[in-house]
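K.L.:
Chain by chain, the residues:
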Amino acid sequence: MTAQPNPTAPLAHLPLDALHRSLGARMAPFAGYDMPLQYASGIVSETLHTRQKAGLFDVSHMGQAILAGAGAAQALESIVPADLLALAPGHMRYTQLLNDKGGIVDDLMVTRLPGAEERLLLVVNASRKAQDFAFIRERLPQFDLLPLDRALIALQGPRAAMVLGALLPGVEDLPFMRWRAFEEGPASVFVTRSGYTGEDGFEISVPSENAETFVRALLANECVLPAGLGARDALRLEAGLPLYGHELDETTDPVEAGLAWSIGKRRRADGGFPGFARISAALRDGPARLRVGLLPESKAPVREGAMLVSTSGELAGHVTSGGFSPTLQRAIAMGYVASKHARKGAQVVTELRGNRITLDVAPLPFVAHRYFKPSA
Amino acid sequence: MTGLRFTKDHEYLRLEGDAAVVGITDYAQQQLGDIVFVDLPKVGKKVSKGSELAVIESVKAASEVYAPISGEVIEVNPELAEKPALVNEDPLQGGWLVKLKVESASEAEGLMDADAYAGFVKTL
Numbered sequence: 001m002t003a004q005p006n007p008t009a010p011l012a013h014l015p016l017d018a019l020h021r022s023l024g025a026r027m028a029p030f031a032g033y034d035m036p037l038q039y040a041s042g043i044v045s046e047t048l049h050t051r052q053k054a055g056l057f058d059v060s061h062m063g064q065a066i067l068a069g070a071g072a073a074q075a076l077e078s079i080v081p082a083d084l085l086a087l088a089p090g091h092m093r094y095t096q097l098l099n100d101k102g103g104i105v106d107d108l109m110v111t112r113l114p115g116a117e118e119r120l121l122l123v124v125n126a127s128r129k130a131q132d133f134a135f136i137r138e139r140l141p142q143f144d145l146l147p148l149d150r151a152l153i154a155l156q157g158p159r160a161a162m163v164l165g166a167l168l169p170g171v172e173d174l175p176f177m178r179w180r181a182f183e184e185g186p187a188s189v190f191v192t193r194s195g196y197t198g199e200d201g202f203e204i205s206v207p208s209e210n211a212e213t214f215v216r217a218l219l220a221n222e223c224v225l226p227a228g229l230g231a232r233d234a235l236r237l238e239a240g241l242p243l244y245g246h247e248l249d250e251t252t253d254p255v256e257a258g259l260a261w262s263i264g265k266r267r268r269a270d271g272g273f274p275g276f277a278r279i280s281a282a283l284r285d286g287p288a289r290l291r292v293g294l295l296p297e298s299k300a301p302v303r304e305g306a307m308l309v310s311t312s313g314e315l316a317g318h319v320t321s322g323g324f325s326p327t328l329q330r331a332i333a334m335g336y337v338a339s340k341h342a343r344k345g346a347q348v349v350t351e352l353r354g355n356r357i358t359l360d361v362a363p364l365p366f367v368a369h370r371y372f373k374p375s376a
Numbered sequence: 001m002t003g004l005r006f007t008k009d010h011e012y013l014r015l016e017g018d019a020a021v022v023g024i025t026d027y028a029q030q031q032l033g034d035i036v037f038v039d040l041p042k043v044g045k046k047v048s049k050g051s052e053l054a055v056i057e058s059v060k061a062a063s064e065v066y067a068p069i070s071g072e073v074i075e076v077n078p079e080l081a082e083k084p085a086l087v088n089e090d091p092l093q094g095g096w097l098v099k100l101k102v103e104s105a106s107e108a109e110g111l112m113d114a115d116a117y118a119g120f121v122k123t124l
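Chains A and B are the protein sequences, given in the same order.
Using the numbering used here, the letters of the first sequence map in sequence onto residues 1 to 376.
Using the numbering used here, the letters of the second sequence map in sequence onto residues 1 to 124.
Hints should not be assumed to be uniformly reliable.
[Said to hold, decoys possible] The calculated lysine-lysine pairs, modelled on PhoX-like cross-linking and capped at a C-alpha distance of 20 angstroms, are:
no., chain 1, residue 1, chain 2, residue 2
1, B, Lys42, B, Lys83
2, B, Lys46, B, Lys101
3, A, Lys299, B, Lys42
4, A, Lys299, B, Lys83
If you're looking for bench data, these hints aren't it; they were derived computationally from the structure.
Construct all of the structure, not just a fragment, from the sequences and the given hints.
P.N.:
Given below as structure tokens:
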């Protein structure tokens, strides 16, 4: 997990802090927040429950902000490679803030909000939000960037739509990567059909003062189990999703990170984002290294930081995330390998406590995504 | 439970003649969470008190287990290869890790008894 930006600073508390403690959460510091790592049932059962029914995650530590002003989408395109002009109201995209070398400052979700005024809702990583907001303000000084002080809840899993639909009728029909506002009691609730577990599910932005009532209503459904950061990390690793500070950092470009799919066709042709020369060359010629899945032959997990060599002993890459998959009941990992090793059937080798461990390069995800994409 | 001695690193030992059964405490398994793999030493390995004896992998991280007493590994728990979660379920009995042939039982004298360990855990 990403270290706190400043380990001596006091930890910030989530709006639902008291609720987590009353539910028996084990709290741990993460990105400057005191966060629920797991609850009494543990990471394995929270992960499995999310895959089978619905897991409820508090992700209020993440940064939510609105970038407002005429031309905001076009301006934001100067620092991200996604096609935002094509984004219809209520639609969202996954993209990356890029530094001048095409390295990833952060990955984020961008939603174009409906309404007469041009407004983009941004959701960024907790560990990066201070840098992100400063970066955006510096690059786009003519626009207002308004951080939102709201709780953010992720409800993930095959029963999520049924559970949330009971509270917010109609939400079941919202397709993957769409946004909608609901009036829930006195509160305005923003819902996106998105998440970071590979499951169908929602992220729900609620005014902080209404969050506990809302979350208790979700938890009252027997399908819902509270789940912590530990399960969230296991789920996203199983789903092959990169995490900032692990698979992504300011030296990584989106192509080698396996995120070329998120770069719009028009943007690939016209550029106009930082690092276009590097990213364009990587798209054309293939990157020098690629993010891949790794299946260790050992039962023991191979962890982040493990160096990888080829079967003939030359340096081949490194592991960026590694752990145990509760769904597959085996060790899994992600990492970067030189492109010649980035194919199914290739093998690389690491050393773990003095033992030589072979890892099979594997396609991602390890557990198939189950996003809700109704056919038109 | 009687006959158990505990370390501040949350290992226990139970003397059985000139052998010691070694494992981790209930508090330790709770702190580690779901245990998914236990890397045990080879039979015949000699360890000194305080040296690394085993590594326990939870979902989140790897944690070292230290020898609470010096000795030679004479047996490792064969069930943990297929069922590492035994350490979570029954740490003091079925989830034991290693049996050591003890060099000097007097080394155990500095360890805590059950009451002292329970008091120690309360301070954490």
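K.L.:
Against the structure, test the hints numbered earlier, and report the numbers of the ones violated in rising order.
P.N.:
When the structure is compared with the hints, none of them turns out to be violated.
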